[in-house]
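Asker: Go ahead and model the full structure; you've got the sequences and the hints to work with.
2 protein chains.
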Amino acid sequence: MPKLWNETIDAHRQAVREAILDTTTELVEGGGLRSVTMSQIAEKTGIGRATLYKYFSDVEAVLLAWHERHIQGHLHHLAKVADQPGTAVERLGAVLAAYAEIARRRHGGELAAVLHQGEHVSHAEHHLAQLIQGLIAEAADSGDLRKDVPPVELTQYCLHALTAAAGLPSTSAVGRLVDVTLHGLRPNA
Amino acid sequence: MPKLWNETIDAHRQAVREAILDTTTELVEGGGLRSVTMSQIAEKTGIGRATLYKYFSDVEAVLLAWHERHIQGHLHHLAKVADQPGTAVERLGAVLAAYAEIARRRHGGELAAVLHQGEHVSHAEHHLAQLIQGLIAEAADSGDLRKDVPPVELTQYCLHALTAAAGLPSTSAVGRLVDVTLHGLRPNA
Chain A
114 MPKLWNETID AHRQAVREAI LDTTTELVEG GGLRSVTMSQ IAEKTGIGRA
164 TLYKYFSDVE AVLLAWHERH IQGHLHHLAK VADQPGTAVE RLGAVLAAYA
214 EIARRRHGGE LAAVLHQGEH VSHAEHHLAQ LIQGLIAEAA DSGDLRKDVP
264 PVELTQYCLH ALTAAAGLPS TSAVGRLVDV TLHGLRPNA
Chain B
114 MPKLWNETID AHRQAVREAI LDTTTELVEG GGLRSVTMSQ IAEKTGIGRA
164 TLYKYFSDVE AVLLAWHERH IQGHLHHLAK VADQPGTAVE RLGAVLAAYA
214 EIARRRHGGE LAAVLHQGEH VSHAEHHLAQ LIQGLIAEAA DSGDLRKDVP
264 PVELTQYCLH ALTAAAGLPS TSAVGRLVDV TLHGLRPNA
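Protein chains in written order, with the numbering used here: chain A, 114 to 302; chain B, 114 to 302.
Worth flagging that the hints you see were computed from the coordinates, not collected in a lab. Honestly, I wouldn't trust all of these hints.
Stated by the list, open to error - If you only want the chain B side, here are some residues facing chain A, beta carbon under 7 Å, derived:
# : residue
1 : P282
2 : T284
3 : A286
4 : R289
5 : L290
By construction, the Cβ of each residue, glycine as well, lies at the ideal position given by its N, Cα and C atoms.
Answerer: Here it is in structure tokens:
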């Protein structure tokens, strides 16, 4: 077959895959991770069940692929936030706020815990830690943050402190958590 | 049977139970949670296997009882630390440092995760949160800590930030984590 034809097939496959994962997002947002079934995905995507099974062997495989894309989306978003204009400490504040909002919306339950044990998550967490650590080091160099604690330790402090967002009732409470966490990074008066 | 005899039996049973859990502590410290077996416990405690099974149906039951006592011990220790002389903020610092040291030594792995899902743990966490929240409220009242964030939120911030201790390589790193966490609680300059 000519190369162009192969490319067309690849693009089609990719589009179907994305459509399946888009449907999965809708279903997860509607009824939670546990509620997703292969029949629902096929129906809502507008493909046959047989076609769906050519792409994914079972619902766990769909959820894993969906979760990988989901986490990757968070990471892209956070990298974009970090890339906005402003001082390092301002950009750090924006990244921590965006991450806390993500942590707040995180799905709970056993299935979410299993997905979170995946390698793609530790990979993404590593990237996020690098991003935050870079901003902390930059802000410490310009005198806005404390220099008496290594940036790698301050990064772990931030990431753990912000997991408290999961139990918070409002966006303003998340804002206060970010403020308190950032304040911990400031130089001792 | 006379009452005295019953009391003697109760005391004996309690002593055997404690001895079994003491042995379990040794075994867990020696080889981790997974390594503990009923045969080892019986042998090291100096009782027969048949006797051991009169006290505990299986090794999971021993580990659960051991973990309950273990967590209870941590809680007693933290309450004692909170009860020492000093200002509220000094006592809070001491409690956070003691808790971070506990978090640092926490056993990892699947079995530890299962034990940590037990009701006794959420019960203990609730008690610890109450303890810390009381100290934070007291210190905020005396002007040493910020008043613009509710003590309940500051407490959750502390507990989550200090879980970062689990990955830290040294006691001095834990000390820095506690210092940073406490600094987050200070009033904005």
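Asker: Indicate, hint by hint, whether the structure satisfies it.
Answerer: Quick rundown of the hints versus the structure:
A hinted interface residue such as P282/B counts as satisfied when its beta carbon comes closer than 7 Å to some beta carbon of chain A; here the least separation is about 10 Å, so the hint is violated. For T284/B, the interface hint is violated, since its Cβ never comes within 7 Å of a Cβ in chain A; the closest pair sits about 13 Å apart. Below 7 Å, beta-carbon pairs count as interface contacts, and A286/B has one with chain A at about 6 Å; its hint therefore holds. Because the closest C-beta pair between R289/B and chain A is about 5 Å apart, less than 7 Å, the hint holds.
Against a cut-off of 7 Å between C-beta atoms, the interface hint on L290/B holds, since the closest Cβ of chain A lies about 6 Å away.
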